[in-house]
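Place chain B on chain A using the hints.
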Amino acid sequence: MAKITYIDQQGNSKTIEVQNGLSVMEGAIQNDIPGIDADCGGSMACATCHVYVEEKWLDKLPKAEDGEIDMIDMAFEPKKNSRLSCQIIVSEELDGLLVTTPEKQS
Amino acid sequence: MIKTDVIIIGAGPVGLFAVHQLGIKGLKAVVVDNLDKVGGQCIELYPDKPIYDIPAVPECTGEELTKKLMEQIKPFKTEFFLNERVDEVKQDKDNWFVKTSNNKNFIAPNIMIAGGVGSFEPRKLSLKEAEKYEGKSLFYSVKNKEKFKNKNITIFGGGDSALDWALELSKFSKINLVHRRDEFRGAPHTLSEIKKKEKEGKIAIKTPCQLESIEGDENIKSVSIKFDDGKKEKITTDIILSFFGLIMKLGPIAEWGLNMDKKTIEVDSEKFETNKKGIFAVGDICTYPGKLKLILSGFHEVALASVECFKRARPNEKYRFEFTTASKTIQKRLGKND
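Going down the list, the protein sequences come from chains A and B.
As numbered in our numbering, residues 847 to 952 make up the first sequence, in order.
As numbered in our numbering, residues 24 to 361 make up the second sequence, in order.
One chain only, chain A, in its complex shape (with noise of 0.2 Å):
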């Protein structure tokens, strides 16, 4: 179990416990966390899922893979911190994650 934090653009925060070996994706759409909108299921196909990791998260994360950066080219405002949520599998090691969910995800 790890607890991420899913913070909108208007900074309303949710923390939720998600289990180890989901994704951060699953963790929000399970949870009913808005602006993940996951349209392809997790396939690395759609960016949808794009969120903003935290600076400090983005080094503790393993690299994103060449899939995943093309992708996210596609994404509503990539940032150097951008990144599929779908693809951040949760472990103990990412309590306390926090990500930042974009304005609009298409």
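In case anyone wonders, no lab produced these hints; they're calculated from the structure.
A quick note: this is a predicted structure, and the numbers were derived from the prediction, not measured.
Where is the CB? At the ideal position from N, CA and C, for every residue including glycine.
Some hints here could point you the wrong way.
Claimed, not checked - Facing chain B, from chain A, some residues (calculated, C-beta under 7 Å):
#1 D885
#2 C886
#3 A891
#4 D916
#5 M920
#6 P924
#7 S952
What the hints assert, rightly or not - Each computed DSSO-like pair below joins lysine-lysine, with the alpha-carbon atoms no more than 30 Å apart:
#8 A:K909 with B:K316
#9 B:K229 with A:K926
#10 B:K72 with A:K950
#11 B:K172 with B:K197
#12 A:K860 with B:K285
#13 B:K159 with B:K197
#14 B:K244 with A:K925
#15 B:K299 with B:K314
#16 B:K72 with A:K926
#17 B:K286 with A:K925
#18 B:K91 with B:K316
#19 A:K925 with B:K255
#20 B:K255 with B:K220
#21 B:K155 with A:K925
#22 B:K255 with A:K902
#23 B:K285 with A:K925
#24 B:K100 with B:K26
#25 B:K334 with B:K91
#26 B:K314 with B:K294
#27 B:K219 with B:K174
#28 A:K926 with B:K249
#29 B:K219 with B:K257
#30 B:K341 with B:K351
#31 B:K220 with B:K174
#32 B:K218 with A:K926
#33 B:K225 with A:K925
#34 B:K316 with A:K860
#35 A:K925 with B:K249
Just chain B now, kept in the frame of chain A:
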């Protein structure tokens, strides 16, 4: 007005297999899809990615699956209406009347919605001013190259479409290629061609940077971009081409009076019928207790939904359950024992 037994909305794997399940029951179907080709997400999102959970097919790509399905439904000589979105659905006694974005009209006792997550549409620029130039000097696809001759064109994006059009249009226009990072995603040959054109001064590559604003009055005059290091640049521009891929939009489906749960349509798990008699939803777009968004679930759903379609399309005939291995009628429909 085209009369048929079932109007299938969506040409993804589930929509295609619906043609088969209806066809072996002797029902005629038409298929409408907003994309310019069949295959849906399999073709648009992951043509090269292997799928491992199609029964008896240990591994195949989205493209291979689509090809095989097309082969499987060939005997039914189904008509496809591509590049068309279903905009309107209206009841006409026991029938449903459907109108597409291309003004085609259909009438049938059944509609089968196999729409996935909705229709694919280009991802648009988020700038407010972008909208007023859309279709005039800002485009998300190239339909007629002639329009793009002898212009200053700024292309946004780093994928295949952006690169291919940069190359093609650089033959007769000045191209600026803007991308948010230094790496482009394209075939090695395309990338080396782009480099060549850059040396020749036909293509100016601007990376890593993003669009800040569009300036102009009736037409676009320039775009301002901002580099990652904070530097800004104004580029003289007549035409913007933006290639940020496709997004899926539920679109008009939400307005047909169907019971919805978020972006999915509620159905029963016996006939996969919606709250409207004769409108069915199958595949990723439908929801019921325990629903799994798998292609194989969609195949099961169309098999059952097609039985109810038969009852509605042939009210005076009795439905007979038959196996393809034993039924001469089915084999004849498949063109096997002529």
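Each hint, compared with the structure:
Of the supplied interface hints, the one on D885 (chain A) holds, with its beta-carbon coming within about 5 Å of a beta-carbon of chain B, less than 7 Å. Below 7 Å, beta-carbon pairs count as interface contacts, and C886 (chain A) has one with chain B at about 6 Å; its hint therefore holds. The beta carbon of A891 (chain A) is positioned within 7 Å of a beta carbon in chain B (closest approach about 4 Å), and the interface hint is therefore held. Proximity of D916 (chain A) to chain B holds as hinted, the smallest CB-CB distance being about 5 Å (cut-off 7 Å).
Because the beta carbon of M920 (chain A) sits about 4 Å from the nearest beta carbon in chain B, less than 7 Å, this interface hint is met. Here the hint on P924 (chain A) is kept, as its CB sits about 6 Å from the closest CB of chain B, short of 7 Å. Residue-level restraint check for S952 (chain A) holds (minimum Cβ-Cβ distance to chain B is 4 Å; threshold 7 Å). Of the supplied pair hints, the one linking K909 (chain A) and K316 (chain B) holds, its CA atoms being roughly 28 Å apart against a limit of 30 Å.
Taking the CA atoms of K229 (chain B) and K926 (chain A), the gap is about 17 Å. The hint holds against a cut of 30 Å. Only pairs whose Cα atoms come within 30 Å are accepted, and K72 (chain B) paired with K950 (chain A) is accepted, the gap being roughly 27 Å. For the given pair, K172 (chain B) sits about 9 Å from K197 (chain B) by alpha-carbon distance, which is consistent with the 30 Å threshold. The suggested pairing of K860 (chain A) with K285 (chain B) holds, with an alpha-carbon distance near 20 Å, which does not exceed 30 Å.
A hinted pair counts as satisfied when its Cα atoms are at most 30 Å apart, and K159 (chain B) with K197 (chain B) qualifies at roughly 18 Å. A hinted pair counts as satisfied when its Cα atoms are at most 30 Å apart, and K244 (chain B) with K925 (chain A) qualifies at roughly 27 Å. A distance of roughly 20 Å separates the Cα atoms of K299 (chain B) and K314 (chain B); the hinted pair therefore holds under the 30 Å criterion. A threshold of 30 Å between alpha carbons decides the hint, and for K72 (chain B) with K926 (chain A) the separation of about 27 Å falls inside it, so the pair holds.
Distance restraint check for K286 (chain B) and K925 (chain A): the Cα-Cα separation of roughly 28 Å lies within the 30 Å cut-off, and the hinted pair is therefore satisfied. About 21 Å separates the Cα atoms of K91 (chain B) and K316 (chain B), which keeps this hinted pair within 30 Å; it holds. In summary, the hint linking K925 (chain A) to K255 (chain B) is supported, as the alpha carbons are separated by about 17 Å, within the 30 Å threshold. A distance of roughly 24 Å separates the Cα atoms of K255 (chain B) and K220 (chain B); the hinted pair therefore holds under the 30 Å criterion.
Our distance criterion of 30 Å between C-alpha atoms is met by K155 (chain B) and K925 (chain A), whose separation comes to about 26 Å. Of the supplied pair hints, the one linking K255 (chain B) and K902 (chain A) holds, its CA atoms being roughly 28 Å apart against a limit of 30 Å. For a cut-off of 30 Å, the pair hint linking K285 (chain B) to K925 (chain A) stands: about 28 Å separates their Cα positions. Between the alpha carbons of K100 (chain B) and K26 (chain B) the distance comes to roughly 15 Å, so the proposed pair stays at or under 30 Å and holds.
Only pairs whose Cα atoms come within 30 Å are accepted, and K334 (chain B) paired with K91 (chain B) is accepted, the gap being roughly 29 Å. A threshold of 30 Å between alpha carbons decides the hint, and for K314 (chain B) with K294 (chain B) the separation of about 14 Å falls inside it, so the pair holds. Taking the CA atoms of K219 (chain B) and K174 (chain B), the gap is near 20 Å; set against the 30 Å cutoff, the hint holds. Proposed proximity of K926 (chain A) and K249 (chain B) is supported: the alpha carbons are some 14 Å apart, at most 30 Å.
For the hint pairing K219 (chain B) with K257 (chain B), the CA-to-CA distance comes to about 24 Å; that is within 30 Å, so the pair holds. Taken as a hint, the K341 (chain B) and K351 (chain B) pair is honoured in the structure, with Cα atoms around 17 Å apart against an allowance of 30 Å. Distance hint between K220 (chain B) and K174 (chain B) is fulfilled; the C-alpha atoms sit about 16 Å from each other, no more than 30 Å. Proximity of K218 (chain B) to K926 (chain A) is assessed by CA-CA distance (about 25 Å); at most 30 Å being required, the pair is judged to hold.
Of the supplied pair hints, the one linking K225 (chain B) and K925 (chain A) holds, its CA atoms being roughly 29 Å apart against a limit of 30 Å. For the hint linking K316 (chain B) to K860 (chain A), the alpha-carbon distance of about 27 Å falls within 30 Å, and the restraint holds. Taken as a hint, the K925 (chain A) and K249 (chain B) pair is honoured in the structure, with Cα atoms around 13 Å apart against an allowance of 30 Å.
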